[in-house]
Amino acid sequence: MKKTFAFLAFMILSNLAFAQYKGQWRAIHGYEMTSGTGFFGLNFYGEYFPLNYFSIVPGFTFYTPASGNARGVDINARYYLTEKNRQWYGTVGLGHYTRVFEFNPEGIRRHNSINLGAGGMLKLREELGINPEIIYQPIGRNEVIFKLAIVYFIN
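Position one of the sequence shown corresponds to residue -9 (our numbering), numbered consecutively onward.
A few of these clues could be false.
Here are the simulated DSS-like cross-link-like pairs (lysine-lysine), alpha carbons at most 30 angstroms apart as the crow flies [said to hold, decoys possible]:
hint, residue 1, residue 2
1, 74, 12
2, 113, 12
3, 74, 113
It is worth saying that the hints were derived from the structure and are not from the lab.
Quantities reported herein were computed from a predicted structural model and do not represent experimental measurements.
Given the sequences, and given the hints that come with them, work out the whole structure.
Set out below in structure tokens:
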């Protein structure tokens, strides 16, 4: 009962707040390196704020293995702890990873993962910023992912 009450109170308070984030869009292009496989990734993300301080971030990543190809799809939720020029957040989400082997009888390997992490939006100008992020995937790939991205603040 206490959890239900706390959740309802949080939802009511978040709808009453009038921060500048609600309805904002961001386009993110970044690069990442994984700890376990050592793959380099090129990713494209979009970020939308349906509520103040809370955003939904779907994304697509191309990886560069030595042979074959690999790709990942993520959908994460971010909660921003600060605002202004340095915006720090925590993130949680789901991911799906597919690796296709060329000369291996294994063929295709797929993983679903849970993403847990933190990052920041560091504004360089009014419409441009940098987004460092670290994500741990305890289920699925069991890797740490380091990301660095360029952010374009659309509105």
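Hints, one by one, checked against the model:
1. 74 / 12: holds, 14 angstroms
2. 113 / 12: The given pair, whose Cα atoms are some 18 angstroms apart, holds under the 30 angstroms limit.
3. 74 / 113: Between residue 74 and residue 113 the Cα gap is close to 8 angstroms, so the pair holds against 30 angstroms.
Every hint, counting from the list given before, is met by this structure.
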